[in-house]
Amino acid sequence: MASSSSSSRQVKHQVFLSFRGEDTRVNFTAHLLQALKDKGWTVFFDDDTLKKGEKISSALSNAIAASILSIIILSKDYASSNSCLGELSDIMDRKRNPTDKYIVLPIFYHVNPSHVQKIGGTFKTSFQKHESKQPADRVQRWKSAFQEVGALKGWHIGGKSDRYETEYIEDVVEYISKELDSNCTSVSEELVGINDQKKIILGLIEQEHSRVIGLWGMGGIGKTTLADVAYSEICQNFESHLFLRNVSEKIKNVGNESLRNELFSKLLNQKGICINSPSIGHPYQERLNNKKVLVVLDDVSNPDQIEFMGVKHFGPESKIIVTSRDRQVLKNGRANHIYEVKKLNENDSLQLFSTLAFNLLTPAADFQDLSCKFAGYAQGNPLALKVLGSKLYTKSRKEWESEVDSLKQYAEPKMSHILKSSLDGLRELEKNIFLDIACFFKGEKMDTVEKILSNYYMGAMSGIRNLVDKCLLDSIDCYSMHDMLEEIGKDIVRQECKEDPGKRSRLWFPEDVDQVLRYNKNLVNLREIDVSNCKKLRKIPNLSRALNLELLDCSYCESLFELPCLNHLASRDEDKLRLEGCYSLKKFPQVPSHFCYLDLRETEIQEVPDAIKYLHKLERLLLSKSKVEKVSINISKLELLSELNLSECPMVEFPKIPRSLTWLDLSGTGIEEAALSLDSLSNLQYLNMSGSSIQKLMCNITLFGSREFPTVDLPTPSLRSKILNHMRMDRCESLKLLSELPPYMQNLNVQCCTSLEKVSFADQELYQFDSLGDDLFGMLFCNCINLNQESIDNIEENAMLKIGSLAKKWAARYDWKYQREDFPRLICCFPGNKISADKFKCQRMNSSLSLKIAPNRGSGSRFLVFAICLVADLTHCHRFKYLNCICEYHLTAAGGGDSKSYISKISFFDCSEPNKYKGDHVFILSSNDMVEEDKNYEEASFKFYIIDNDDEVNEEEDYNKVERCGVHVFYVDATEKRVAGNKRSFSHDGEEGDGGLKRLK
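Residue numbers (numbering that gives the first Met the number 0): 0 to 1000.
Just so you know, nobody snuck in bad clues.
Below, computed lysine-lysine pairings styled on DSS-like, alpha-carbon distance capped at 25 Å:
(1) K419 <-> K489
(2) K177 <-> K197
(3) K626 <-> K655
(4) K142 <-> K152
(5) K249 <-> K330
(6) K75 <-> K128
(7) K290 <-> K311
(8) K808 <-> K899
(9) K851 <-> K899
(10) K342 <-> K197
(11) K851 <-> K934
(12) K585 <-> K534
(13) K94 <-> K142
(14) K757 <-> K838
The set of hints was computed from the structure by calculation and includes no laboratory data.
Working from the sequences, and respecting the hints, build out all of it.
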């Protein structure tokens, strides 16, 4: 079947008719065929189009492939025909092709459209018969096509008070004529009745002296849609083009200059243009004057907005389309032509209404009279038609009649009456969300609005979707709504109490907010205050009477320096007090003791006070990029505090932390020395001091008995297994000493600590290894160029200790390795060009080696776990995290047994990376992917590569050349037992070299 677009086909027939001959051939279909021919359209109709001897199947497929549009006449026995379903499947295949944009129009001929979409009624019986005779995949293809066509918009013919079939045929022919005349490639309710007006606008644009074209009309009449259609059709004829939506609203939110900078950046193809003065500099004027551009300024409310956008500087043959509700704005803005956007006529109004109310192109038969009434009430306004149609979709006739009665109370219903009535049927949740967006969130990013509303309402996402479905809300790049709907929403809130704003549910008008807060009026209804990004706000007044206040958002109020006591805040949820970015706020706020989360990032707060002890429910405290120099010792009394972030604060002393803390970020601080007592680290999992001034970090201080620090009792071994799994010390250029680090730490990042000399690890006997080895184990000492030999030996010894411990875990879960793509692995890296002869007895220059496998002298089976060591020059490597180590190895069995070849890849993807590497580095690596069950192997040979993710393996490539390599084999004895599910389990007896885990010497 052809898959190219219809414009590239040789069109033999413009329209393809699909029908069940026995149902409609001699009546409806014949009359429709004749009407189409009378209009001059070529139609495929099998009676008079097939040549004798031509196969039906190939002819049908060719006709479908060559047509522009298909009409499907779905009658009661349509689904009983194999050939009908076959051609329908071919038609819907074209419809699904996004590059084809094929038009498919269904006619539901005396059948219920829902029975088609859901395969109900007689259609269910037909498909049951097919399922007993046809292959399952073929029937499923037919079903999918049948259900899809049932969901398309079309015509429903049939019913008690239906129109004559000839009237339907006239509608179908007129619609198809419009589609084919305009070469339209899709059916969209937004484009109903737009083509004639589009031609007029395009004609105005083509006139030589027509530079600024104004589109004028009432709200909701379709000005933006008309401008968009014209813009889309001709924008490619211009060097640069931009459609600026909602100009007045954006200027109100971000300012004239910001919007003009956005426009110029797009037109001149230059990021970051910043013109902060009303006038436009000469260089920009010249560049604009050299460009032929197309610009749409949508919803302009002031002629100065047109001039400010610099349209007079656009080059010759440029075109500017401006939409506005005010004709005088367009006149004063020097529009060459002003076009009044027309209302929809009666037929187009009914069609647009029907697409939303019935998902059909004409009204359902039983609703014909009521549909005409609603179309009349809407007075040809597309917005009103959409809102009414969406509200009435799937409703009963009785509900329709009730809606008519509600509109009859107005002698001549205005647009506001019609739109306001559409809110009456909303659930409480939907109405609240509508009012929130109308008052606060119109034009805001979708994810921001969803996050806020989801925190406040249960089921917020469902409510938002329902509002979109009812055409009360738009969701393109942000959540928005028509200006008329916005004003209706705000008016609903104003009517809650005209005299006293303090008794309203929402406040957004600055004067109202000032009046209510300044004079401390009745605030019992006040639940949320959002003054975020108010650059000049300096003080929040007394809110003690706002007893039900749940949200106070002052984020990025950069002048705010004073807050009232907030002990009465009602909410217990996270993110209900937002103070991040309050650059002038110096005092720690007074908040309720039940607060579990406090975000004070980017403030001027200088101290965490003694009163912190009263926040006994606090779990997370964020103070990054603040001015904190001192943290009260009372913070150690917080028994629930798990996260503390003091990154980039000017503090110089390590804080006294509570036992409950699991996550501590001190990166970028001025702390120079820290002694981490295991007594206070009993739960700490993550420590980040990257980029700090740290010079010495000492753990487990009782082991070296320094007089400078008090000794403490060690916790029990069961606790020591959980201490400090992740530590980041990278880019600490003053760091010289890391002492007595926990030996089984999962991630240790010490990259680019160029002064680091000494590294040591605590006695492994004092710790337990309890990791399952499910993730990355990292020991990154890249660019630590001053490490002494003893420290390098300690790092190597610790890496081999971890691999030995992991080897037991990996061998015990041998089958599991085939179920994952990202294998658990250990990566250790440090500067150097030597491989330890003690750790890796078998080593060679270059990138390959062979070794002998020690014979298995035990009574049970065993596993081989390979650890590898490589030396490579990373001077030219700038993308460490994109590197892979590829290990190709071959295992040869003794006595002519089966030999096996494997490829193992160790990815560095999860590793952070410095900007540049210095010289040779040593890698010690192992992976769950390098565990093999010993099948009486006697020899192993290896070949290594270090390559980029996208590179091909190439032995001659020396970009990351492996200069030396070594391999160490861990032998893991396993006693096999049978457990539930016939899976194997393994027991390990003894320590290294004692029957359980052995190293090759």
